[in-house]
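> Residues per chain, in single letters:
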Amino acid sequence: MTDKRKDVKASEGLSNEELEGQQGEQLPDREQMSLINANLAVPVNAAVAANVLSDGSIAYADAQQANQISQSNLPPMPE
Amino acid sequence: MPRKGVVEPAAPFAFSGGKKLKSDPEATDATGATGRAVPPRLAEGMELIGEYQGSGFKNPPYLARRGDGQVLQLPRLLYLVAAKADGRRDYDEIARAVSDDFGRRVSADNVRVLADSKLRPIGVLAAADGSSPKLQRPNPLLSLNFRAAVVPPGLVNAITTIFRPFFWPLVVAAALVGFVALDGWLFFVHGISQGIRTLLNQPLFFLVLFGVVVVSAALHECGHATGCRYGGARPGVMGVGLYLVWPAFYTDVTDAYRLGKAGRLRTDLGGVYFNALIMLATLGIYQLTHLEVLIFVILLLQFEMLHQFLPFLRLDGYYVIADLTGVPDIFARIKPVLVSLLPGRQAARQVAELKPWVRVVVTLWVFFTATFLLYAYGMMLLHLPAIASTAVLSLLALLGRTAAALQQGQIATGAVGSIQVLLLSLPTIGLAFIVFGVIHRLVRLAWTRTRGQPFRRATSFAVMAAAASLLALAWIPPQAQYRPIRPGDRGTVPESFTNASTVLAPVVGPIGTGLARIVGGPAASPAPSSAATTASPSSAASPSPEASPSETATPTPTPTTSP
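From first to last, the protein sequence lines stand for chains A and B. Taking the numbering used here, I'd label the letters of the first sequence as residues 1 to 79. Taking the numbering used here, I'd label the letters of the second sequence as residues 1001 to 1563.
Because the hints were derived from the structure by calculation, they are not lab data. Misleading hints may appear alongside valid ones.
A partial selection of chain B residues facing chain A, derived with a Cβ cut-off under 8 Å [said to hold, decoys possible]:
1) G1067
2) D1068
3) N1110
4) L1242
5) W1246
6) Q1407
Derived Cβ-Cβ restraints for the label pairs, each shown as a range [unchecked claim]:
7) A/E18 <-> B/L1280: 33 to 41 Å
8) A/E18 <-> B/V1392: 56 to 64 Å
9) A/E17 <-> B/G1178: 27 to 35 Å
10) B/L1341 <-> A/E17: 23 to 31 Å
11) B/V1339 <-> A/E18: 30 to 38 Å
12) B/A1446 <-> A/E17: 53 to 61 Å
13) B/P1165 <-> A/E17: 48 to 56 Å
14) A/E18 <-> B/Q1053: 22 to 30 Å
Glycine included, each C-beta is placed from N, C-alpha and C at the ideal position.
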């Protein structure tokens, strides 16, 4: 009985639901890009972060001077 | 009386996607003046390409390309109907031929429905009157803007002929070995310090480096085009455009859809492969000249290469993922995947049709991309005042320095400054375009998708009005922080959330307090108190002395040391 119904359906073709499921899609164009990111600071900053410029570098010497030097033209007080 | 299985044709040349099909026997026939059905035929310039190779779908889709260059992805049945529509067979004959190939009976009515409501609206078949009207092409999310074609397809193909030997397998293998050796030598033997030191001491080199960046970007495009051609597809134009906030070169390699997985990946990776070749050539010149600045060129190109692999935008990394999984348009699946993740929701067709492992990869990509885009766009919009004031200060400072340099006859420094002014202006224009584009897209979607549904339309616009109010709050003083980014600002993720909560405190605070009252608990504080103290509007309203133009962070370094 079921097989018979199936045969009848098959002879009619595809159902509305099956037809609805058939969807064509428009694909986007493939535009392969190269960004002109002329930010030259990126490799410099990365190099600084990796501490590769610390040895013998003069461009990034940034030593903090914290010592105080006392100067006076008075002779030292006798002890 | 409507007859079962017969379907009304869709409105001419509009997608029927997702709409319920109605039965209407009177509307089915594409008839001529005599009342006799006109045999369907392909639209003018239509090319049926064949199966999409290496697909990530359970049932591989098929590809076709319209005369205007638009590539279409079709299920097998639609493709078969299109393939049999030769302008001679009538619907009965097409139905018989399709049934033989499809393995199931397809009736003449079925074919008529598919032709009228599925194939004609997207321009696969010619219209019932035999014409091939021009259709509108989609504007996908995150695509290139302001594009201008520069190199015509004929010249592009001539260029690819010159570069073709670089894709011979032995040459590729040698280049890859050379590239690995180069990186080993650069980072573990020679080092990069002297390259950077030379550059910082001689600002003229910045100008040279900018030229190198532009030339390498152009050659990167030649790599894509040559990879595409080597596999058997035909690249289109090369040109320039603005991608989000970056100026960009592009190559139209749409025809690469027809290639197999290996051919598509060759096209994707051709660009960075050419970057590697440029690095090897630069190393060769370094060996001859011992110019240390060339080491910096190689370092810069390495960063360019890494940048290209970012998978969240339509850069090379995205196309590699799309081609490895065999899903040609992953961006179009963001919404279906997110909706399918909601509890109690069935997987959408665009998700269920994927192979299980592909579905996992695509879901992960969608999750990370949606998070990244929401965060990046959200924070960019909220912090627009700070970005804008930094850009303006930086621009003024650059203009001052450039003018002074030119007056003193320092041509190199002046030229570098001019380039930087241009490079700083483009992102600002791009940012404005993104904001306008997002608003335009949202309003258009809310208007078209809610046609005939007044409640949904009102809700959509109410949500957008609420979002606009939040933005107004973030952009209008005193809450807005029109102060430039200061040297002490770190811009960490937690800091961005703290700033956001400060901006939104007047709205979020009362809502939180109201909710707390409803549930009977203690009143919620309007905003994290630390946020108010670290970034109070009063302190932000006036630029601090340390945020002078000379110390403002600029997107590109300015050479200040004299040669």
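> Note whether the CB distance of A/E18 and B/V1392 lies within 56 to 64 Å or breaks it.
This hint holds: roughly 60 Å between Cβ atoms.
> Double-check B/W1246 for me: the hint is only fine if its C-beta lies closer than 8 Å to a C-beta in chain A.
holds, 4 Å
> Indicate whether the distance between the beta carbons of B/P1165 and A/E17 respects the range 48 to 56 Å.
holds, 54 Å
> Hint validation: B/L1242 versus chain A, beta carbon distance must be below 8 Å. Holds or violated?
violated, 10 Å
> At the C-beta level, are B/V1339 and A/E18 separated by a distance inside 30 to 38 Å?
violated, 23 Å
> Quick check on a hinted range of 53 to 61 Å for B/A1446 and A/E17, using CB atoms only.
violated, 30 Å
> Is the hinted range of 27 to 35 Å satisfied by the C-beta distance from A/E17 to B/G1178?
violated, 58 Å
> Holds or violated: is there a CB of chain A closer than 8 Å to the CB of B/G1067?
violated, 14 Å
> Is the shortest C-beta separation between B/D1068 and chain A less than 8 Å?
violated, 11 Å
> In this structure, is the beta-carbon distance linking B/L1341 and A/E17 contained in 23 to 31 Å?
holds, 25 Å
> May I ask you to test the interface hint for B/N1110 with respect to chain A, counting a Cβ-Cβ separation under 8 Å as satisfied?
This hint holds: B/N1110 lies near chain A, its Cβ roughly 4 Å from the closest one there, short of 8 Å.
> Measuring from beta carbon to beta carbon, are A/E18 and B/L1280 in 33 to 41 Å?
violated, 56 Å
Of the numbered hints stated above, those contradicted by the structure are hints 1, 2, 4, 6, 7, 9, 11 and 12, listed in ascending order.
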